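In order, the protein sequence lines correspond to chains A and B. For what it's worth, the working numbering labels the leading residue of the first sequence as 1, then goes sequentially. For what it's worth, the working numbering labels the leading residue of the second sequence as 1, then goes sequentially.
Please keep in mind that the hints were generated in silico from the structure rather than gathered at the bench. Errors might be hidden in some of the hints.
[Unchecked claim] Reference excerpt, derived from the structure (chain B facing chain A, CB under 10 Å, subset only):
| no. | residue |
| --- | --- |
| 1 | S20 |
| 2 | A47 |
| 3 | S140 |
[Claimed, not checked] Output of the computed footprint for chain A on chain B, the stretches with three or more beta carbons under 8 Å from beta carbons of chain A:
| no. | segment |
| --- | --- |
| 4 | 48-62 |
| 5 | 71-80 |
| 6 | 142-149 |
These numbers come from a predicted model, not from an experiment. Ideal Cβ positions, reconstructed from N, Cα and C, are used throughout, including at glycine.
Protein chains: 2
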Amino acid sequence: MRASDTAYTALRDDILHWVSPPGTVFAEVEQAQRLSISRTPVREAFARLAADGLLVALPGRGLVVSDLSRDTIVELFELRIVLESEAARLVARRRDAQIFLELLEDFRLAPALLERDDNRNEYYALVARLDAAIDKAVGSQFMVSAIRQLRPHLVRARRLARGDSERLLAAAAEHLTIVEAIVDGDAQLAADATAVHLRKSLKNILESVDHSAIAASNSAAAMNHS
Amino acid sequence: MRASDTAYTALRDDILHWVSPPGTVFAEVEQAQRLSISRTPVREAFARLAADGLLVALPGRGLVVSDLSRDTIVELFELRIVLESEAARLVARRRDAQIFLELLEDFRLAPALLERDDNRNEYYALVARLDAAIDKAVGSQFMVSAIRQLRPHLVRARRLARGDSERLLAAAAEHLTIVEAIVDGDAQLAADATAVHLRKSLKNILESVDHSAIAASNSAAAMNHS
DNA sequence: GCGCCGAGGAGTGTATACATAAGTCGGCTA
DNA sequence: TAGCCGACTTATGTATACACTCCTCGGCGC
């Protein structure tokens, strides 16, 4: 594997998993030393991350991990809803793939899967398989690349959501509806079900964000009183 | 200006204006010599152009200017319609800018402007001002960046369209409807009018493409007979 | 004549040295 | 004491040498 890919993947993972939270400043030399490679591939990795919108240039200081405010999350989902609904519509129209029949079976089994918290990662992998299948079936390079552009930001945002099993079960049911609509070739239902799912996901995330913001301000207030 | 920016702009312009048509192969050393800079900034420019989708890597041979087939153009517009309709909707909802009143006046004068063919570039500049105003007013970084991602490809595609004054006049009328809807705050009309405009633009391009394809095959047939 | 194999070459991938710009901190001055 | 000016520091920007990979083309064997 190329050193620039290694650097890109490593830095990207750190950002996505909040090892490097928003506001973290990166410099070329520093990262080159940490990763034991030269500045050149680091530079390339920085450029790619900046193009992804994960890093923004900080004139004269380096590059900083981009912010992920409540408003940003809303904007992210507003666009995601538009894109993924349309993608679901296109996929349902084509209805050309065996893969969705397989996914249908798996999503039917998802509630059973989710009875144990240990299986969460399996469920997330299933969702990733659905995403990949949709990417493959939309048949529009531009649509796929527009959606892919959003994914890293969504991964970052997901960590802000409560992963309570109640929400996960509901999400599984929403996903099932989407896959059913695709298999049936019901384009409008696929689009609407996707929009429903995403709006509910957004709502869930925002509730988590607002809740923890309140908790944070409460604990800050408590500290001031102590 | 940085050498990498110079290289990026120069190469991009060549691609957009068909100086380097689809299929042209670029190599780092060659371009570095041509532009009298070192490989490093050329490399950065290549990376940016590849991220734009204007270049695709050709393993072991260099990078090739990406293809722009009829299907690609259709895909491009399918996504563009979704995105720009939504953008127009958002802008109409916000209705916060003086700029659209100015644009309204200018688009009302557009038919008079278009009476002379010399003024076409002024008209194109006006459309660019509208695009910029919408970019500024949508208020979503993700929406703007998704739309911007498509622009270079649209510039390339535009060259394939007939620029007959009949179509230009019709386009001016369609733009006027869009701006009126934005000024009125009629979000649904703004979205629908944008979709109408873009579908008609697509139709115009496709007719040109198909027509010249027929012409090309005819002349090829004539050459075979000669 | 067809296919495999290897040497050559063209191209990218990486390291590193040097150039340059911008931000910061200290000192000078009013 | 506050503000400005300038050198220093630290960062990025660029050039270039070298390493490595892969494509290509010629020769050899079957």
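Task: Enumerated hints in conflict with the structure, sorted upward - done: Checked against the structure, the only hint that fails is number 1, while the rest are satisfied.
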